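Protein chains in written order, with my numbering: chain A, 1 to 177; chain B, 1 to 486.
Simulated from the structure, these hints should not be mistaken for laboratory data.
Here the structure is a predicted model, which is why all the values come from computation and not from measurement.
All residues carry an ideal CB built from backbone N, CA and C; glycine is no exception.
It is possible that some hints are incorrect.
Chain A side only, calculated, beta carbon under 8 Å to chain B, not exhaustive [claimed, not checked]:
hint, residue
1, S2
2, N11
3, Q49
4, A55
5, R118
6, S169
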Amino acid sequence: MSPLLVIGIGNPLRGDDGVGPRLAAEAEALAPRPRRGREPDLAVRAVQQLTPELAPEVAEARAVLFIDAWLAPPTIHVPPVGPRLVSLGLGDPVPLGDGSPAMLSDLSHHLDPVTLLRLADLLYSGRPRAHELLVPAEDFPHRRRFSRGLRQRLPQARDLLSQWIADLSPGSTPCTS
Amino acid sequence: MTRTIVIDPVTRIEGHAKISLHLDAEGRLQDARFHVVEYRGFEKFCEGHPFTEMAGITARICGICPVSHLLAAARTGDKLLAVQIPPAADKLRRLLNLAQLTQSHALSFFHLSSPDFLLGWECDPARRNVFGLMAADPDLARAGIRLRQFGQQILELLGGRKIHAAWAVPGGVRTSLSAEAKVWILERLPEARATITQALSLYKRLLDGPLQREQRVFGDFPSLFLGLVSREGRWEHLDGVLRIRAADGTIVADGLCEDDYASFLAEAVEPWSYLKFPYYRPLGYPEGMYRVGPLARLNVCDGIGTPWADAELAELRARSGTTDSGGHIVTSSFAYHHARLVEIVACLEAIELLVNDAELMDRHTRSRAGLNRLEAVGVSEAPRGTLFHHYRVNEQGLIERVNLIIATGQNNLAMNRTVLQIAREFIADPVAPDQEIPEPLLNRVEAGIRCFDPCLSCSTHAAGQMPLRLQLLAVDGTVLAERSRP
């Protein structure tokens, strides 16, 4: 069976931006231990940004979780929210050419998750189930420490990560979020 | 009335930036400014850390070229220890940098710039992207990913998946190359060669056809070029000496040591950008403008030293070299694209030579010593150009001061000049107050910046995205006209 893939996105030296790599590193410990002689069922990547060569790996996974810091747009009033696990589709959030921000980033040095999923689909015929764990973040200075707000949200983010792994591991009920 | 056209931000590069085109009272294009609008804080962040951590810290500056900072930091650390690293370590570092150059150039050519070349400047921006490229030539898109993957995989074979964990350290490297890794590299080399052969063939066809005008007007102007060369004057990317060559082919300075960079380079600052403006000190600012990166490396060297790459370099010079320089120097910034492909060829040949070198597999990869100097400068050639790290430490080895001179900064003046030349070619001059700027022209201005494949991660953090915005501003800041696009 193809593995689960967790990709933590962010820079650990930029404050809250490092939450993706932090949780990705913790994901390995949360996964069920493989039976002797078996490959681990969970692959983990910690990257500063998404790049095209991840597409084949994404295509081979049976499910992918992207973990990223989420900064609410400053022009929109957003009430305080906790970490959220959202499903990613290939077409619905950012249709091609609709002028969405994700469309912009597909030609930058970094890709957004949906663009990477599309690359995996179109070039490698892989359509894993995909989710994004968004952790509300507020502060991106040059430092290793998270903001107080993010530290308070970490336990809930870990729970969501654990839930995702458990739901998609063999013998469990599929993730429904 | 003086007006300003602002393009904000530039797409397909790292971080946040904008371009403003400044008009004089008659509405003629007078100046171009490539703005970087976020504070660069890494130099300050480094203060107080042990110099031995600098490789790991500075590798975090950029997600695209962490290896460049890793190597520059390690080389600066070598000097603080005052050691000569073991031959195997030098070769392993070289292998790492060659892989880095390959994967970074592959990303630039296949995924960032090819949509412009293959789909055309007039193509709807909704289709002029990697998906449009996939629709037009899926095999090329896939081959580009495989080539980048080849370089990336070598980085992982050497440094592990967590390349940021500072595999290159002061005194050498942490681990050697395994026999399995050597086999993997040799097995994948033919495919990488085939991919770059295909890309070169395609690019040359485009140069002979639809890209002729771009070659002429995308930043074709005389400037100095700076880069490392070997002590024999050949193409170099990690060791050697610095050489500066003028547009007529004259060697302006040679055998320069990075330790003395402050004697021949200076950095200007402008109030409208956080990116510094390095220049060649003897010519002053801004006359001392110079370019670094793939094109500069090929311009400053006498040759590459491997047969295929030398043949490709000769063809690049024959196609694009200026008459003034006897065909030796290529002055069009558009030729950076071609130079990247030639450098990939050079990298593949050098990788093959290195991997077959028995000394590479030597297990002695690190020289150990205590702190022996309190100040040092290290240099390496990053994909985008020459990278300097300058550290001053205290007796405990803690960083007191850091200065990083990054490639994108060194190309800053040339990027502005490139944008101005493109704008003068494609935007009506003088600009009428109510003139609309068509989107394909905007893309050409941005494409001028993309020739340099700038990476602003050293100075910025992409916390969110902004739409592209074009503004026509009066001198008092009044918006006379505005155009947005996603």
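Here is what the structure says about each hint:
1. A cut of 8 Å between beta carbons decides the hint on S2 of chain A: the least distance to chain B is about 18 Å, and the hint is violated.
2. Because the beta carbon of N11 of chain A sits about 6 Å from the nearest beta carbon in chain B, less than 8 Å, this interface hint is met.
3. For Q49 of chain A, the shortest C-beta to C-beta distance to chain B is roughly 4 Å, which falls under 8 Å, so the interface hint holds.
4. For A55 of chain A, the interface hint holds, since its Cβ comes within 8 Å of a Cβ in chain B; the closest pair sits about 6 Å apart.
5. For R118 of chain A, the interface hint holds, since its Cβ comes within 8 Å of a Cβ in chain B; the closest pair sits about 7 Å apart.
6. Interface hint at S169 of chain A: violated, since its Cβ lies 22 Å from the closest Cβ of chain B, which is beyond the 8 Å cut-off.
In terms of the numbered hints stated before, the structure departs from hints 1 and 6, listed from lowest to highest.
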